[in-house]
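Here the structure of chain B is known, so what remains is to put chain P in place on it, guided by the hints.
Chains as they are written, first to last, in the numbering used here: chain B, 176 to 500; chain P, 608 to 732.
No lab work stands behind these hints: they were computed from the structure. Heads up, some of the hints might be wrong.
Claimed, not checked - Heads up, simulated BS3-like pairs for lysine-lysine below, C-alpha to C-alpha not over 30 angstroms straight-line: (1) 670(P) <-> 659(P); (2) 659(P) <-> 699(P); (3) 338(B) <-> 659(P); (4) 635(P) <-> 282(B); (5) 635(P) <-> 659(P); (6) 407(B) <-> 338(B); (7) 282(B) <-> 670(P); (8) 699(P) <-> 635(P); (9) 338(B) <-> 322(B).
Claimed, not checked - For the chain P half of the interface with chain B, some residues (derived, Cβ under 7 angstroms), not all of them: (10) 645; (11) 651; (12) 656; (13) 665; (14) 669; (15) 675; (16) 677; (17) 699; (18) 707; (19) 708; (20) 710; (21) 711; (22) 713; (23) 717.
Yeah, the Cβ is synthetic: ideal placement off N, Cα and C, and Gly gets one too.
Chain residues, written in single-letter form:
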Amino acid sequence: MAGNTETIPTGVLWGGGQSPFSVTYGKMMMWFFLVSDALTFGGLLTAYGFSRATSEDAWPIGEQVFRALPGLDGHYPLVYVALMTFLLIVSSVTMVLAVEAGHRNDKRSVVRWMAATIVGGVFFLSSQAWEWSHFIHGSGGGFQLAKEVNVTTDSGDSMTLPKGELVFMDHHFGHLAEPWSEGEANTVLSSEDGHITLTQFGEHDHSAQLHSLTVNKYVENEQTISGNDAVKLWNARSDVFAFGANLEDSEYAAQQTYANFFFFITGFHGFHVFSGVIINIVIFLMALNGVFERRGHYEMVEKTGLYWHFVDLVWVFVFTFFYLI
Amino acid sequence: MERDDLIVNDSYAMASHHSEEAGAAIRKKLWFVTALLTLITAMEVGMGIIFKRSETFTWTAIKWTFIVLTLVKAAYIVLVFMHLGDERSNLKRVVIAPYFLFISYLIFIAITEGFGHLDSFTTFH
Numbered sequence: 176m177a178g179n180t181e182t183i184p185t186g187v188l189w190g191g192g193q194s195p196f197s198v199t200y201g202k203m204m205m206w207f208f209l210v211s212d213a214l215t216f217g218g219l220l221t222a223y224g225f226s227r228a229t230s231e232d233a234w235p236i237g238e239q240v241f242r243a244l245p246g247l248d249g250h251y252p253l254v255y256v257a258l259m260t261f262l263l264i265v266s267s268v269t270m271v272l273a274v275e276a277g278h279r280n281d282k283r284s285v286v287r288w289m290a291a292t293i294v295g296g297v298f299f300l301s302s303q304a305w306e307w308s309h310f311i312h313g314s315g316g317g318f319q320l321a322k323e324v325n326v327t328t329d330s331g332d333s334m335t336l337p338k339g340e341l342v343f344m345d346h347h348f349g350h351l352a353e354p355w356s357e358g359e360a361n362t363v364l365s366s367e368d369g370h371i372t373l374t375q376f377g378e379h380d381h382s383a384q385l386h387s388l389t390v391n392k393y394v395e396n397e398q399t400i401s402g403n404d405a406v407k408l409w410n411a412r413s414d415v416f417a418f419g420a421n422l423e424d425s426e427y428a429a430q431q432t433y434a435n436f437f438f439f440i441t442g443f444h445g446f447h448v449f450s451g452v453i454i455n456i457v458i459f460l461m462a463l464n465g466v467f468e469r470r471g472h473y474e475m476v477e478k479t480g481l482y483w484h485f486v487d488l489v490w491v492f493v494f495t496f497f498y499l500i
Numbered sequence: 608m609e610r611d612d613l614i615v616n617d618s619y620a621m622a623s624h625h626s627e628e629a630g631a632a633i634r635k636k637l638w639f640v641t642a643l644l645t646l647i648t649a650m651e652v653g654m655g656i657i658f659k660r661s662e663t664f665t666w667t668a669i670k671w672t673f674i675v676l677t678l679v680k681a682a683y684i685v686l687v688f689m690h691l692g693d694e695r696s697n698l699k700r701v702v703i704a705p706y707f708l709f710i711s712y713l714i715f716i717a718i719t720e721g722f723g724h725l726d727s728f729t730t731f732h
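Bound conformation, chain B alone (with noise of 0.2 angstroms):
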């Protein structure tokens, strides 16, 4: 498409006064750039593997850490990921249909794909952003038991749970146990007839019953547990609680490095969005104004272009080994 594939004797073409890549510096230099930042992505998510491999404890599955759609109850897994996935494909192909207008120098079609592909940018950084936010606030919680405790879950299989395990709480009874394991004095805790209801007061009154909790929830052999069981292990409860993930803390894993490198590798992609948003604003005002018109080529599209489809290139490995495997 864009190569220039004419014969040239080896002599002349190494022999100075033109580029034996037959492509102009900037470009050249964009792709050694790219080279060296796919080096770092592929450090990090090496690094990554290498933790999990030292791992003793399982490591959280991404499709039960990731399951929530935003204002949906229920679990979707890995939909919401998916979706930004998709999103990161198609606003790479209206970028390279920017690509592919500036090669007939149509100024037109390059600045509405440009717009088209900053938009594309901005709805994945903000669909980012909901997750991020969803990861650290949690969906629930959990609470360590403070001893060890028999149980028979849902499904009829009797469990025996050690000291120490950490049981979840569902995301409207979570919600309230945040502020009432604070000491929160709004928050009321009040046990009627084997019901466990926890009450915030306030200009419009909350209340939540525990009707379920799970264990296992982010590993293999998730299991809930409800009624007298419930109780019982609410009741074995120490002052131990996890909601959602920092740096310090994470609900999702025994190993902190689950949530560091979500934070780190998603965070660092996310960067390079943010900034390939900005680049393409740039480039998008340049084209608006004429001036790849006026120099008779849209190289910088296409140089632009190469950093953006990278972005999409690393998301693809991101999603495959943080979110998938």
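Below, chain P alone, put in the same frame as chain B:
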């Protein structure tokens, strides 16, 4: 110094503009690649939902399928979207060969040492 982004002769790729018909063919190919990438992603998510993680051969096979599908996606992005496939072969090699050399060594050593670390930890702890 002469600025080479101001292309004055025809020796650089960007100076070679293509026609309306050639553009139509390229666009057709781009939409095909888009559909393919989307389909592969949907397939991966579906496989992740259907197959449960375990120590079995099935899950190992699924894991390798994911890796192969990812490499297919990556190849389409690099060769078509970034059109490295249309560049001169010396540029292709200069970009791909060093990367694969370093990254495959890094992966090999990190994973091997990772499991070695776990092994000694579980043995001596």
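We went through each hint and held it up to the structure:
{"no.": "1", "hint": "670(P) <-> 659(P)", "verdict": "11 angstroms, holds"}
{"no.": "2", "hint": "659(P) <-> 699(P)", "verdict": "39 angstroms, violated"}
{"no.": "3", "hint": "338(B) <-> 659(P)", "verdict": "28 angstroms, holds"}
{"no.": "4", "hint": "635(P) <-> 282(B)", "verdict": "20 angstroms, holds"}
{"no.": "5", "hint": "635(P) <-> 659(P)", "verdict": "38 angstroms, violated"}
{"no.": "6", "hint": "407(B) <-> 338(B)", "verdict": "14 angstroms, holds"}
{"no.": "7", "hint": "282(B) <-> 670(P)", "verdict": "45 angstroms, violated"}
{"no.": "8", "hint": "699(P) <-> 635(P)", "verdict": "24 angstroms, holds"}
{"no.": "9", "hint": "338(B) <-> 322(B)", "verdict": "4 angstroms, holds"}
{"no.": "10", "hint": "645", "verdict": "6 angstroms, holds"}
{"no.": "11", "hint": "651", "verdict": "6 angstroms, holds"}
{"no.": "12", "hint": "656", "verdict": "5 angstroms, holds"}
{"no.": "13", "hint": "665", "verdict": "14 angstroms, violated"}
{"no.": "14", "hint": "669", "verdict": "9 angstroms, violated"}
{"no.": "15", "hint": "675", "verdict": "10 angstroms, violated"}
{"no.": "16", "hint": "677", "verdict": "4 angstroms, holds"}
{"no.": "17", "hint": "699", "verdict": "9 angstroms, violated"}
{"no.": "18", "hint": "707", "verdict": "10 angstroms, violated"}
{"no.": "19", "hint": "708", "verdict": "11 angstroms, violated"}
{"no.": "20", "hint": "710", "verdict": "5 angstroms, holds"}
{"no.": "21", "hint": "711", "verdict": "10 angstroms, violated"}
{"no.": "22", "hint": "713", "verdict": "5 angstroms, holds"}
{"no.": "23", "hint": "717", "verdict": "4 angstroms, holds"}
When held up to the earlier numbered hints, the structure conflicts with 2, 5, 7, 13, 14, 15, 17, 18, 19 and 21 and fits the remainder.
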